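Trainee: For this one, chain A is given, so just place chain B on it according to the hints.
In order, the protein sequence lines correspond to chains A and B. Count along the first sequence starting at 1, add 73, and that's the number in our numbering. Count along the second sequence starting at 1, add 30, and that's the number in our numbering.
Just so you know, the hints here were simulated from the structure itself, not pulled from any lab data. For clarity, every value in this text was computed on a predicted model and none was experimentally measured. All C-beta atoms in this analysis are idealised placements derived from N, C-alpha and C, irrespective of residue type, glycine included. Keep in mind that the hints are not guaranteed to be accurate.
[Stated by the list, open to error] Calculated pairs, DSSO-like style, for lysine-lysine (alpha carbon to alpha carbon, straight line, at most 30 Å):
1) B:K210 x A:K124
2) B:K117 x B:K153
3) B:K184 x A:K127
4) B:K184 x B:K117
5) B:K48 x B:K94
6) B:K153 x B:K184
7) B:K211 x B:K152
8) B:K184 x B:K60
9) A:K126 x B:K117
10) B:K119 x A:K120
11) B:K41 x B:K97
12) B:K152 x A:K124
13) B:K119 x B:K210
14) B:K60 x A:K126
15) A:K126 x B:K97
16) B:K184 x B:K89
17) B:K210 x A:K126
18) B:K60 x A:K120
19) A:K127 x B:K210
20) B:K119 x A:K127
21) B:K117 x A:K127
22) A:K126 x B:K211
[As the list claims (entries may be wrong)] Using C-beta positions, here's what the derived DEER-type ranges look like:
23) A:L95 x B:K89: 39 to 47 Å
24) B:R118 x A:K127: 19 to 27 Å
25) A:S181 x B:N44: 40 to 48 Å
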Amino acid sequence: MTCHNALALLEDYVDGELSAELEARVREHLAGCRRCRLEFEWSSVLKELLKQKKAPDPDRDRWAETTNLIYARTVEQDTNRYRIMSVAERNSAQRGAFVRSVVSVAASLAILFSAILLGSGSQQQLARVSASESPIFVAAPLEDQVTSDNITVASDEENLRRAKGMLLLGPPGSLGRFISPFDFARAIN
Amino acid sequence: MDNSLGELVQKFLNGDPKAFEVLVERFRRKIYSLAYQVLGNHLDADEVVQETFVRVYRKREELKDVKYFSSFIIRVATNYSIDLLRKRKGHSGIPDDTGTLPGSIQLDLSQRVATPSDDFEKKRLMEEVTRALEQLPPRQKLTAILHDVEGYSKSEIAEVFDCPEATVRSNLHIARSKIKKILKQRFKAKE
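Looking at chain A on its own, in the form it has when it is part of the complex:
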């Protein structure tokens, strides 16, 4: 047996996992080869040292604390959950969750449709105002305003009222377009 072969089998030899025949051949090689024998000694020593490398025992308090934490996070947690919520309560909670989901979906849909309806209504109002050339202050092209015979010059009082309305309701383009509910009603008529 060559050194190369002997070294390849050395760890299995140390672990006692070779067949009787191979073990005898390795032993024979080690008896006659100092270098491989030294390697065998290192392997044997290492195996022995690792075998003796035991972890220290934790003290009783530490064990108790760790074990209690394990139970608190597993068995006891499950037990508490079961105790707090009986089967009837669990079913009731599930029904409640379902109703809440339905209500929230319905509310979302209602908001969505309202937004769509309001948007289209607003466009219709603008179109109607433009078609009837109402004196209400609306966003119209500057050219139309200049060439139109129906330009109404608002009084200072009216302008002040509009400014207040904008301040309260927002800028033109949103609700500020309509100064008050009364103006809003007049605009859509």
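Mentor: Just chain B now, kept in the frame of chain A:
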């Protein structure tokens, strides 16, 4: 797996909390020892013990057969130990042992370790082994610890790592080879 353990695991899988408590009592020392060898301190070892049992409890549906419980729990502990090991200090591997054997070492190591009176030398060697283990990649380190320290068989380790036994054998040989190389260098420097 002995019958009593099999029955115990089956009760645990059926939701018996008492069975789980018995399993904790039975396996906690093994998990603690493994974690301590890998991480080297009580706090981390405690964390591994706690987290392992919590994960085993929560993932018990994943256990297909009661006979795999031992490898299942060791796998959970091993994986968590590796995660913690990487988180704690990162890892720096050492190159494979490709060099030739130095012929200059004249120590009769078997004699040194076997001599009961030579406690100091044994302690020094043990410290060197611990340091050398710390330099191994996690998988090789775990294989060496599971096999040589904790006494698991190669087939059990193969189950834990879900890999062929030949891979375990190879990892073990590489790990030992690296540790021996480090030890030789240390002793050569000190001689």
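Trainee: State for each hint whether it applies.
Mentor: Okay, the hints, checked on the actual structure:
1. B:K210 x A:K124: Distance ~15 Å between B:K210 and A:K124 Cα, so the pair holds.
2. B:K117 x B:K153: Answer holds: B:K117 to B:K153 is near 29 Å, not above 30 Å.
3. B:K184 x A:K127: Status holds; Cα separation ~20 Å.
4. B:K184 x B:K117: Roughly 27 Å separates the two Cα atoms, so the pair holds.
5. B:K48 x B:K94: holds (21 Å)
6. B:K153 x B:K184: holds (28 Å)
7. B:K211 x B:K152: holds (18 Å)
8. B:K184 x B:K60: holds (17 Å)
9. A:K126 x B:K117: Status holds; Cα separation ~24 Å.
10. B:K119 x A:K120: Holds, because 26 Å separates the two Cα atoms, which is no more than 30 Å.
11. B:K41 x B:K97: This hinted pair holds, its Cα atoms lying about 13 Å apart.
12. B:K152 x A:K124: Judged against 30 Å, a Cα distance of about 13 Å means the pair holds.
13. B:K119 x B:K210: Holds, at about 23 Å.
14. B:K60 x A:K126: Holds: B:K60 and A:K126 sit about 14 Å apart, inside 30 Å.
15. A:K126 x B:K97: Holds. A:K126 to B:K97 sits at ~29 Å (cutoff 30 Å).
16. B:K184 x B:K89: Holds, at about 25 Å.
17. B:K210 x A:K126: Within the cut-off at roughly 16 Å; holds.
18. B:K60 x A:K120: holds (20 Å)
19. A:K127 x B:K210: holds (20 Å)
20. B:K119 x A:K127: holds (22 Å)
21. B:K117 x A:K127: OK: B:K117 and A:K127 at ~24 Å, within 30 Å.
22. A:K126 x B:K211: Distance ~19 Å between A:K126 and B:K211 Cα, so the pair holds.
23. A:L95 x B:K89: 39 to 47 Å: holds (43 Å)
24. B:R118 x A:K127: 19 to 27 Å: holds (22 Å)
25. A:S181 x B:N44: 40 to 48 Å: holds (44 Å)
Violated hints for the displayed structure: none, as all numbered hints are satisfied.
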